[in-house]
Amino acid sequence: MLFAEKEIAISHLRHLANDCAEPGWDGNAAFAIDSDVLQNAEDLVRSLPYGIPAPECAPEPDGSISLDWIQSRKRMFSLSIGSNNRLAYAWLDGTDKGHGVACFDGLSIPARVLSEIHHTLGHGNAFLRIA
Amino acid sequence: MSDGEDLVRFLTQSSQFSTTLVLVKPATFLPNPRDQNTSVSRHGREPEDKLWAIGQVAAGSRTLHGAAIFKAVNVRAAKLEVVPDEPPQRHAVITGWARDADPVLQKAKQIEAALLIAGAAELLLVK
Chain A
53 MLFAEKEIAI
63 SHLRHLANDC
73 AEPGWDGNAA
83 FAIDSDVLQN
93 AEDLVRSLPY
103 GIPAPECAPE
113 PDGSISLDWI
123 QSRKRMFSLS
133 IGSNNRLAYA
143 WLDGTDKGHG
153 VACFDGLSIP
163 ARVLSEIHHT
173 LGHGNAFLRI
183 A
Chain B
112 MSDGEDLVRF
122 LTQSSQFSTT
132 LVLVKPATFL
142 PNPRDQNTSV
152 SRHGREPEDK
162 LWAIGQVAAG
172 SRTLHGAAIF
182 KAVNVRAAKL
192 EVVPDEPPQR
202 HAVITGWARD
212 ADPVLQKAKQ
222 IEAALLIAGA
232 AELLLVK
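Protein sequences appear in the order of chains A and B. Counting the first sequence from 1 gives a position; the numbering used here is that position plus 52. Counting the second sequence from 1 gives a position; the numbering used here is that position plus 111.
The hints are simulated quantities; they were obtained by calculation from the structure and are not laboratory data. Be aware that a few hints might be false.
[What the hints assert, rightly or not] Keeping only pairs whose Cα atoms sit at most 20 Å apart, straight-line, the calculated EDC-like set for lysine to aspartate or glutamate is:
{"#": "1", "chain 1": "A", "residue 1": "K58", "chain 2": "A", "residue 2": "D157"}
{"#": "2", "chain 1": "A", "residue 1": "K149", "chain 2": "B", "residue 2": "D211"}
{"#": "3", "chain 1": "A", "residue 1": "K126", "chain 2": "B", "residue 2": "E233"}
{"#": "4", "chain 1": "B", "residue 1": "K190", "chain 2": "A", "residue 2": "D145"}
{"#": "5", "chain 1": "A", "residue 1": "K58", "chain 2": "A", "residue 2": "D95"}
{"#": "6", "chain 1": "B", "residue 1": "K190", "chain 2": "A", "residue 2": "D148"}
{"#": "7", "chain 1": "B", "residue 1": "K220", "chain 2": "A", "residue 2": "D148"}
{"#": "8", "chain 1": "B", "residue 1": "K220", "chain 2": "A", "residue 2": "D145"}
Build out the structure end to end from the sequences listed, making use of the hints.
The following block contains the structure:
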């Protein structure tokens with residue numbers, strides 16, 4: 053992911069956080085996206101290595117931010133970023149699916165997460181899937 | 112509710128879907144943090160005027176961007192259940208989302224289920 057692409061992705065994150073800055077943004081009981089969550093999401097995007105495309109981003113009802121890498125409707129990887137350093141993630145790959153939890157140190161994408169992103173994007177031959 | 116019954120989740124944030132990929136993002140289906148349910152309506156894509164009328168009521172003052180259309184069987188394929196929850200008329204909720212003592216692991220399990228629904232849902236945008 054190039055520097056300019058990261059800046060565009062971060063701009064999208066800030067726009068999303070601004071749209072969801074108040075509780076109830078979903079018309080129901082969604083929690084607001086606070087500054088800690090936004091900062092964690094920005095840190096994660098900044099730490100994406102070259103070759104990983106920019107993720108799609110979406111708000112979650114509990115105030116987290118979802119970063120999604122989507123190859124097709126049957127091949128998706130979704131990563132949830134909250135206010136602490138633990139990341140929830142899950143993937144769908146045809147009939148295969150799974151989930152996991154990883155820790156993010158603010159600097160480097162966890163190896164397991166990176167492996168699943170590569171696999172989703174079809175770069176799986178170069179990486180060993182760790183699930 | 113039969114497996115073939117149509118369900119709709121209305122989209123009030125532009126970030127809930129991708130027009131490029133023509134699909135609804137998984138976070139759209141995650142449950143409300145207070146009651147662990149996801150609100151839906153029992154309606155399909157037709158008749159479209161009625162669909163959007165229900166959507167406008169559901170959206171309230173927010174902008175209605177579109178709808179995610181799927182079937183009850185897609186919910187059950189994700190090991191969840193959908194049950195009527197009126198009023199309002201034709202309202203239902205997706206229940207049975209994973210629970211775990213570890214909230215992050217619980218979230219990961221819920222995302223896995225949401226991915227399955229997202230993969231099956233059809234995106235319909237307001238014209």
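Tested hints:
1. A:K58 - A:D157: holds (19 Å)
2. A:K149 - B:D211: holds (19 Å)
3. A:K126 - B:E233: holds (13 Å)
4. B:K190 - A:D145: holds (17 Å)
5. A:K58 - A:D95: Roughly 10 Å between the alpha carbons, so the hint for K58 (chain A) and D95 (chain A) holds.
6. B:K190 - A:D148: holds (15 Å)
7. B:K220 - A:D148: OK: K220 (chain B) and D148 (chain A) at ~14 Å, within 20 Å.
8. B:K220 - A:D145: Given pair K220 (chain B), D145 (chain A) holds - Cα atoms ~15 Å apart, limit 20 Å.
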